[in-house]
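**Q** Here are the chains, one letter per residue:
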Amino acid sequence: MVEKIKYLEKIELFLKELIKIEIEFDKNRKNQESSRKEEVKKMVEKFLNERLSDET
Amino acid sequence: MKLKKIELKNFRQYFGIQVLEIANQNKEKNITLIHAENGVGKTALLNSILWCFYNQTTEKFENKSIILNYEAEKQGAKDFYVKILIEHNNFDFEISRGQDSLGALYFNIHKIENGKYIPIKDPTVLIDSIMPWDIAVYFFFDGEHAETFASEKNKKNVAEAIENMIGCNVANVGVSDLKIIIKKYTEQYNQLVNLDKSGQEFLKQFENIENELKEKENKLIEIKLEIEMVVSKREAIADSLRNTRAAKEIQIQRESLENELKITKENKCREEAEKCKWIEEYGLDLLARDLFKKTIPVLEKNKSDGKLPGSIAERLLKELITDMKCICKRHFTQDSEEHKELLKLLKTSNSNISIERAYRLNAKLPIVNENNNKGMAKLTNLKNRIVDINFKIDELESKIGECSNKLKGLNLEEISEKEFKLEEKNKELNQLNIKLGKLENEIIICNDKVDKSKSRIAHTMSSNKEASNIKTKIDFLENAKKTLENKIESYKNEARVKIQEEINSLLLANFKKDFVVKIEDNFRLKLFNKYDQLIGKSGGENQLLSLIFICALIKFSIKKASTLENLIVPNTIAPLVLDSPFGQLDRAYSQAVALMLPKMTEQVLLLVSSSQGDREMIASLENHIGSEFVLISHTTGSKGDKSNDYLTASNGKKIIATKYNQEINKTILEKI
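Here the protein sequences line up with chains D and Z, keeping their order.
The first sequence begins at 334 in this note's numbering and counts up by one.
The second sequence begins at 183 in this note's numbering and counts up by one.
These are calculated hints, taken from the structure and not from any lab test.
Remember, it's a predicted structure, so these values are computed and weren't measured experimentally.
Backbone N, C-alpha and C define an ideal beta-carbon position, used for all residues, glycine too.
There's no promise every hint is true.
Which residues of chain Z face chain D? A few of them, derived with a C-beta cut under 10 angstroms, are [said to hold, decoys possible]:
(1) Asp310
(2) Ser311
(3) Gly349
(4) Val355
(5) Asp359
(6) Leu360
(7) Ile362
(8) Lys366
(9) Tyr367
(10) Thr368
(11) Asn651
(12) Lys655
(13) Phe658
(14) Leu659
(15) Leu666
(16) Lys669
Turn these sequences into a full structure, and let the hints guide you.
**A** What follows is the structure in structure tokens.
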């Protein structure tokens, strides 16, 4: 149960970071799809490698 | 964002430099009212904002590419511009778009700090951050085409408006980004699975099931699209029938009235025939009664005078005249005194027949009188019945006339045809829904197979650390994606409910009919009466609903801005520019909208024509007008017999809208 809650908390945290990046891009309206996707991908990889390390 | 000033040079109808200062200080007096006749430049003014901000114009703006004023061009000028001064995040910005005197187009934004104009590097990015184009259409609003948002055909617009305004678009981009990343990790994972023999086999099975699933899902999309198309066609038919059904009811009513009229006219004929019969039956009695009326008094008088029966018998007198002998046997000659006397007596003498007749006549009098009384009673009844019938005929004919007027221009055969088509569409829809249900079940089974297949692969690959590591990431991202999708969905639902509540409270306050709006799951805006029956909307009602919808969206956005969630983009709070919002509205609705406008957002720029700007409507706005302008048309044409057209300001002042015999044709902005 505790594990599940921790897992959900991680998802929440992850989504917050993801949305933060998306909002930032939306604000600036850079309209550069590739750079946005690259940045999101980097963030996702970083998060997964750091936060999911204990589960892997 | 707030608008402070708009400056136009040689823009469409506007020759030279024209400046519009917009009310922006007082929250109570937040309306800038602009009066103009049609064709003078109201829509051009709205479009000048859109053009300056986005290099775009409204859909129905004619000859979009021609910006330079015709008169300026004739004089050899090439330059035109629109400059807009705005306030955003406590800073002033000047946005300008135009063409210089050499014919080069430009677009720039300057931030004004302590009187200094600092150029912004990427003006398009700034505009997009202040107010993106996809949201702008809801704020810079062409009222004449406002019904777009509430029309049955525009559920996509409604859905887009809600999603954009409530800020779901960013979260949607997040979902699509996650999908791409999941796909990439899955590819990596599958490469590792393919290296394992049994894993490879399971993967093949998995791919087959997944292909099957994809096929079914594509089919599902197809069916859903088909259903959507059938539904929209059915809606279109039902919509036109909603109006024509009423017509059909009128037609049924007219037919029944016509039937009743036919029966009534037949009754009238019968009564007329009765009248003829009456004449036959009582005509003689009536004549006799009249004769008696004249004869009886004479007879009675003669009787009382002793003249009836007469003193000398007719036969005796005739014998004396024939024999030319007096009663004393003495002879007399023709034309003698005696002869004349006897002839005179003959006139007043009476025969037995006439005496007998007189007595018989006298005896018949009571019978004639009785018949007459009967006849007269019958005649009175008959007359009354005919009067009633005539009255009923008049009434029926007038009702039929009313029905016919209502039905003018409607094709009733077409209505029956539509009813038939509607029935067909309903059957078609039922069939499609059965197909959809079946397919959805198949997809559930298929998904189950996919999950089992995935578990088999995961189990097989559990000893491969690298693969397990990637699988954990994929699972995590899948869960995150699902969580985000659920959040968007529940947020959209919440927004829909709140916007619906807002619309209904505005309807209650402003709509003269007892209606309720429901925003369906697919964001379709529908109007129901108090008996929960779906009802069609007129053009005016669609326009009013659109305005109310925008108002509700803005209110929702403002409220939401204060309770901002992480996954939602902060809302745009922008001025509302309304071009002819009263176009199709009747007086009661216009006033309702006028009362609503000042509360809609912080700043309202309202463009009205004289037909829409009537006194009562302006009076409802009077306390909220912060700034007021008129667009005056200068024309080179002569006034001739034309009467002056006036625009009436909120203070009642009348301003001449067209000035004739001017040097050039142009529109000028004049502050009141």
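**Q** Run every hint past the structure and note whether it holds.
**A** Going through the hints against the structure:
Here the hint on aspartate 310 (chain Z) is kept, as its CB sits about 3 angstroms from the closest CB of chain D, short of 10 angstroms. The criterion of a C-beta within 10 angstroms of any C-beta in chain D is met by serine 311 (chain Z), whose closest approach is roughly 5 angstroms, and the hint holds. Taking 10 angstroms as the C-beta cut-off, the interface hint given for glycine 349 (chain Z) holds, the closest approach to chain D being about 9 angstroms. Using the Cβ-Cβ criterion of 10 angstroms, the hint placing valine 355 (chain Z) at the interface with chain D is satisfied: the shortest such distance is roughly 5 angstroms.
At its closest, the beta carbon of aspartate 359 (chain Z) sits 5 angstroms from a beta carbon of chain D; the interface hint therefore holds under the 10 angstroms criterion. Interface restraint check: leucine 360 (chain Z) against chain D, minimum CB-CB distance 7 angstroms, threshold 10 angstroms, status holds. Nearest Cβ of chain D to the Cβ of isoleucine 362 (chain Z): about 7 angstroms, under the 10 angstroms cut. The hint holds. Taking 10 angstroms as the C-beta cut-off, the interface hint given for lysine 366 (chain Z) holds, the closest approach to chain D being about 8 angstroms.
The criterion of a C-beta within 10 angstroms of any C-beta in chain D is met by tyrosine 367 (chain Z), whose closest approach is roughly 9 angstroms, and the hint holds. At about 14 angstroms, the closest approach between the beta carbon of threonine 368 (chain Z) and any beta carbon in chain D exceeds 10 angstroms, and the interface hint on this residue is violated. With its C-beta approaching chain D no nearer than about 4 angstroms, asparagine 651 (chain Z) sits inside the 10 angstroms limit, and its interface hint holds. Among the interface hints, the one on lysine 655 (chain Z) holds; its C-beta lies about 5 angstroms from the nearest C-beta in chain D, closer than the 10 angstroms criterion.
A least Cβ separation of about 6 angstroms between phenylalanine 658 (chain Z) and chain D falls short of the 10 angstroms threshold, and the interface hint therefore holds. Interface hint status for leucine 659 (chain Z): upheld, as the beta-carbon distance to the closest one in chain D is roughly 7 angstroms, under 10 angstroms. Because the smallest distance between the Cβ of leucine 666 (chain Z) and any Cβ of chain D comes to about 6 angstroms, under 10 angstroms, the interface hint for this residue holds. For lysine 669 (chain Z), the shortest C-beta to C-beta distance to chain D is roughly 8 angstroms, which falls under 10 angstroms, so the interface hint holds.
When held up to the earlier numbered hints, the structure conflicts with hint 10 and nothing else.
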